[in-house]
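Undergrad: Residue numbers (the numbering used here), protein chains in the order written: chain P, 235 to 349; chain U, 604 to 716.
Keep in mind the hints are simulated off the structure, nothing from the lab. Heads up, a few of these hints could be off.
[Said to hold, decoys possible] Partial list, computed: chain U residues near chain P (C-beta under 8 Å):
| hint | residue |
| --- | --- |
| 1 | P642 |
| 2 | L646 |
| 3 | E655 |
| 4 | L693 |
| 5 | A698 |
| 6 | E701 |
| 7 | L705 |
| 8 | N709 |
| 9 | L713 |
Beta carbons are placed, not taken as given, at the ideal position from N, Cα and C, and that holds for glycine.
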Amino acid sequence: AQKITQTQPGMFVQEKEAVTLDCTYDTSDQSYGLFWYKQPSSGEMIFLIYQGSYDEQNATEGRYSLNFQKARKSANLVISASQLGDSAMYFCAMREAQNNNDMRFGAGTRLTVKP
Amino acid sequence: KAGVTQTPRYLIKTRGQQVTLSCSPISGHRSVSWYQQTPGQGLQFLFEYFSETQRNKGNFPGRFSGRQFSNSRSEMNVSTLELGDSALYLCASRAGWEASPLHFGNGTRLTVT
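Using the sequences and the hints, build the whole thing.
TA: Encoded structure:
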């Protein structure tokens, strides 16, 4: 069974600084997708960024980038120039090609941006 | 394009009752997934429907069931409610291609007393 691990229950970052949120995963599938979501206190889950297992370049989306290290099975989210509005829960998720119907999530990291 | 719509937003039920939650996916999305979110267990996958068929099911008791209609709208039902069923229930839809992300609704917060 696939497993996603986020080892940082909580993180603090100073406004305008960069922060890295860790995510490691376990899969025997060669083809899979990795996703990051943001969940503010209001509760909605917002899709941030996607990385495919065969993608050679790290994904980037505005201030979000994904540090993908396939051999280490890690997919860390990097947020540059943190803003107060970035304070939220962040979830890493994975979907395997052999199990295309099912996306599983990590436990999440609560990020707090300090002014 | 309208997003995923879940109704109701809040629900209070008593133990032993049953409840039905509704989800309207993004237009054109045929896949609908349901998740339960609690502080202790995090986000747990309930089930996924595609073209009115359940394709996958998480590790939940049979009291949790769902269905999908021909217009892709989905409902989930929880029978014989227990206190532990109190949670945020999230519905998500996606397009069919492999890299498509889940698009979530705002959720239904269920409180069982």
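Undergrad: Each of the hints needs a verdict: does it hold here or not?
TA: The hints, checked one at a time:
1. P642: violated, 10 Å
2. L646: Since the shortest Cβ distance to chain P is 4 Å, the answer is holds.
3. E655: violated, 14 Å
4. L693: Constraint on L693(U) satisfied, holds at 6 Å.
5. A698: Since chain P brings no Cβ nearer than about 12 Å to A698(U), farther than 8 Å, the hint is violated.
6. E701: With a closest approach of 6 Å, the E701(U) hint holds.
7. L705: Holds: closest Cβ of chain P sits about 6 Å from L705(U), inside 8 Å.
8. N709: Holds, because the Cβ-Cβ distance from N709(U) to chain P comes to roughly 5 Å (cut-off 8 Å).
9. L713: violated, 13 Å
Figure legend: structure checked against the earlier numbered hints; hints not met, in rising order: 1, 3, 5 and 9.
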